[in-house]
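Participant: Listed below, chain by chain, are the residues.
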Amino acid sequence: MIRKMHLSKGTGAGALLAAGSLLLTGCGGKNDGENKQAVANIGSDTMVNLAIAWADAYSKVDPTVSVEVNGGGSGQGVAALINDSCEIANCSRQFEEKELADFTAKHPGKEPKELMVGYDALSVFVHKDNPMTEISIEELQQMYSNNGKIAKWSDLGVSNIPGAKGDEIILVSRQNNSGTYHYFREAIVGKSNEMRLGTVDMNGSKDVVDLISKTPNAIGYSGMGYATPGVKHLKVSMKKGGSAVEPTIATTLDKTYPIARPMFMYTAGEPSPTIKKYLDWIISDAGQKIVAETGYVPLPK
Amino acid sequence: MQTSVTNQRSPAPGRAAATRMKQRRGRLAMLGERAIEALIHLCGYSAIIFVFGIFFFVFREGAPFLAKLKPGEFLFSIDWFPTSQTNAKYGVGALIVGTLSVTGLAMVIAVPFGLGAAVFVSEFCTGKTKETLKVVIELLAAIPSVVWGFIGLTVMAPIIIKTFHVPIGVNMFNGALLLALMSVPIMVSIGEDALKAVPDSFREAGIAMGATRWQLIWRVLLPAAKNGLLAAALLGVARAIGETMAVLMATGHSVRIPHSIFDPVRTLTATIAAELGETSKGSDHYQVLFLIGILLFSITFVVNLTADLIVKGIKQK
Numbered sequence: 001m002i003r004k005m006h007l008s009k010g011t012g013a014g015a016l017l018a019a020g021s022l023l024l025t026g027c028g029g030k031n032d033g034e035n036k037q038a039v040a041n042i043g044s045d046t047m048v049n050l051a052i053a054w055a056d057a058y059s060k061v062d063p064t065v066s067v068e069v070n071g072g073g074s075g076q077g078v079a080a081l082i083n084d085s086c087e088i089a090n091c092s093r094q095f096e097e098k099e100l101a102d103f104t105a106k107h108p109g110k111e112p113k114e115l116m117v118g119y120d121a122l123s124v125f126v127h128k129d130n131p132m133t134e135i136s137i138e139e140l141q142q143m144y145s146n147n148g149k150i151a152k153w154s155d156l157g158v159s160n161i162p163g164a165k166g167d168e169i170i171l172v173s174r175q176n177n178s179g180t181y182h183y184f185r186e187a188i189v190g191k192s193n194e195m196r197l198g199t200v201d202m203n204g205s206k207d208v209v210d211l212i213s214k215t216p217n218a219i220g221y222s223g224m225g226y227a228t229p230g231v232k233h234l235k236v237s238m239k240k241g242g243s244a245v246e247p248t249i250a251t252t253l254d255k256t257y258p259i260a261r262p263m264f265m266y267t268a269g270e271p272s273p274t275i276k277k278y279l280d281w282i283i284s285d286a287g288q289k290i291v292a293e294t295g296y297v298p299l300p301k
Numbered sequence: 001m002q003t004s005v006t007n008q009r010s011p012a013p014g015r016a017a018a019t020r021m022k023q024r025r026g027r028l029a030m031l032g033e034r035a036i037e038a039l040i041h042l043c044g045y046s047a048i049i050f051v052f053g054i055f056f057f058v059f060r061e062g063a064p065f066l067a068k069l070k071p072g073e074f075l076f077s078i079d080w081f082p083t084s085q086t087n088a089k090y091g092v093g094a095l096i097v098g099t100l101s102v103t104g105l106a107m108v109i110a111v112p113f114g115l116g117a118a119v120f121v122s123e124f125c126t127g128k129t130k131e132t133l134k135v136v137i138e139l140l141a142a143i144p145s146v147v148w149g150f151i152g153l154t155v156m157a158p159i160i161i162k163t164f165h166v167p168i169g170v171n172m173f174n175g176a177l178l179l180a181l182m183s184v185p186i187m188v189s190i191g192e193d194a195l196k197a198v199p200d201s202f203r204e205a206g207i208a209m210g211a212t213r214w215q216l217i218w219r220v221l222l223p224a225a226k227n228g229l230l231a232a233a234l235l236g237v238a239r240a241i242g243e244t245m246a247v248l249m250a251t252g253h254s255v256r257i258p259h260s261i262f263d264p265v266r267t268l269t270a271t272i273a274a275e276l277g278e279t280s281k282g283s284d285h286y287q288v289l290f291l292i293g294i295l296l297f298s299i300t301f302v303v304n305l306t307a308d309l310i311v312k313g314i315k316q317k
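Protein sequence lines correspond, in order, to chains A and B.
Positions 1 to 301 (the numbering used here) are the ones given, in order, by the first sequence.
Positions 1 to 317 (the numbering used here) are the ones given, in order, by the second sequence.
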């Protein structure tokens with residue numbers, strides 16, 4: 001439910017149309033009556049806005065192809081690719097071993113074909129009135145890991161947040177199987193440690209930002225592209241007192257910004273000519289321009 | 001139908017013809033009767049088949065994990081780390097506490113309002129006011145839960161932060177308020193039925209004894225209708241426990257033992273809704289989510305059964 005609302009809220013008519021026709025034709029639909037070829041594109045919530053922007057723009061480049069985008073998470077995209085219910089899976093991580101095994105079991109002799117399409121940088125957001133300007137990975141780890149020591153704003157040296165009630169830090173996170181959650185946990189908390197219990201887990205990247213903009217006590221993480229006027233991103237340093245880096249395209253590409261990751265699109269084996277044309281367009285200048293416009297980081301030239 | 005029509009059109013046939021007609025009509029009617037009877041039987045049994053079918057499929061998905069399950073840890077541990085890469089833990093203690101606390105608080109709000117409204121509609125209202133009230137209350141029941149959740153998230157959360165000076169607006173209180181609003185309609189309509197079932201002679205006797213309206217309600221009607229009112233409250237509880245979308249959006253969805261009613265919590269239903277979508281089929285996490293489903297099934301079953309037994313108790317009186 002939330003995901004659907006999300007789609008329509010974020011991207012307007014195009015998304016509604018895409019979602020609607022997807023419902024009508026079913027996931028693997030090939031034709032929608034006007035001799036248009038339908039391509040089902042399912043996966044990462046992080047990439048859903050971008051994927052819809054691509055699909056919209058591509059409908060002008062090649063009107064005979066209609067790309068139908070749906071979110072749901074990287075895991076759902078992978079599952080859809082394995083079950084043949086989509087042609088392209090959006091993934092904000094690479095295939096896991098188990099998924100790879102499932103894939104080869106279902107598609108003997110084929111391999112999921114991977115294409116890197118851009119980068120996603122996770123911003124750390126606070127309420128717009130929060131006086132804080134930077135934070136370190138160390139501090140984030142102490143906040144978000146289960147045995148971490150930072151639970152109050154005063155532990156971070158922050159006081160007098162306008163509108164805040166009390167000293168408690170409200171940690172906003174994502175539901176525990178979203179790709180964004182997995183990446184943040186790996187990058188911040190570490191594989192061997194657990195996320196803190198008691199984080200407020202939202203069901204979408206946009207919901208995280210929404211909640212933070214309404215909650216002066218909150219801090220949270222979400223894709224760089226989800227920033228709104230109600231929130232503010234923090235510069236991130238590795239250690240407290242170290243040089244803090246602003247999350248930008250340049251800092252993601254030169255790898256100085258510490259919380260960024262590549263995004264992928266997968267096809268089951270070699271793509272068909274139509275899909276190959278679409279994927280080639282995505283990594284062309286025209287496609288990569290859209291990456292930058294929607295708040296993600298394009299591939300280096 | 002057809003046979004009766006033929007009958008009317010031939011008012012005076014021969015005696016033999018009439019008998020034949022009667023027999024034919026009898027046979028046809030009998031056949032029709034049988035078919036309809038079988039259909040109705042099927043409809044009746046289908047409910048049982050569906051319930052057992054659902055229980056069977058949910059159980060089948062969750063059962064393989066029972067072998068690995070430590071019941072004590074599952075039910076009482078608060079460590080919910082289902083996607084941990086090194087040491088996955090499946091303790092639903094905090095989720096159970098979340099469900100019970102949100103439902104409990106919802107009932108603290110809803111029972112006085114729901115039963116109060118039932119008394120008002122049944123005993124004080126007449127004519128147009130009564131009809132209007134009943135329609136409006138039923139309208140309240142028709143609002144989809146996702147709309148309630150949306151109201152909680154966007155309208156109530158900022159108000160709660162400002163009014164109660166708490167750090168976060170999506171919390172137990174927000175969820176409980178929504179659940180209360182959602183379970184009030186069911187309480188009102190069942191509570192009103194229970195009060196209606198109290199014979200008028202009770203009211204007449206009370207008034208004849210010189211009781212005021214308040215004494216009549218408090219000392220006569222409420223005790224007389226207490227089983228029905230209890231059943232009304234319990235059905236409200238069942239409604240609240242099973243609710244998913246509104247609590248997913250409004251409680252904050254946070255695994256913790258709440259210390260105040262303004263702490264965010266997470267419920268069993270919301271956990272299934274949020275996590276099932278992306279677990280790979282057959283994994284431990286997937287099976288545990290189905291076990292939570294069985295747990296919920298058992299809880300609502302017990303609540304409904306209790307309500308049912310209580311209602312039966314009324315009928316026997």
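These are computed hints drawn from the structure, not numbers from a lab.
Hints should not be assumed to be uniformly reliable.
DEER-style ranges, computed between Cβ atoms [unchecked claim]:
(1) A:G241 <-> B:N87: 51 to 61 Å
(2) A:K113 <-> B:N87: 30 to 40 Å
(3) B:P64 <-> A:S85: 19 to 29 Å
(4) A:K113 <-> B:T86: 25 to 35 Å
For the chain A half of the interface with chain B, some residues (derived, Cβ under 8 Å), not all of them [said to hold, decoys possible]:
(5) K149
(6) T215
(7) G269
(8) P271
(9) D285
Cβ coordinates follow ideal geometry from the N, Cα and C atoms, glycine included.
Participant: Hints first: check each against the structure and report whether it holds.
Facilitator: So, going through the hints one by one against the coordinates:
1. A:G241 <-> B:N87: 51 to 61 Å: Violated - the Cβ-Cβ distance for A:G241 and B:N87, about 33 Å, lies outside 51 to 61 Å.
2. A:K113 <-> B:N87: 30 to 40 Å: Once the Cβ atoms are compared, 34 Å apart, the range 30 to 40 Å for B:N87 and A:K113 holds.
3. B:P64 <-> A:S85: 19 to 29 Å: holds, 25 Å
4. A:K113 <-> B:T86: 25 to 35 Å: holds, 31 Å
5. K149: violated, 17 Å
6. T215: For A:T215, the interface hint holds, since the closest Cβ of chain B sits about 5 Å away, which is under 8 Å.
7. G269: violated, 21 Å
8. P271: Violated, because the Cβ-Cβ distance from A:P271 to chain B comes to roughly 24 Å (cut-off 8 Å).
9. D285: Because about 34 Å separates A:D285 from the closest Cβ in chain B, which is outside the 8 Å limit, the hint is violated.
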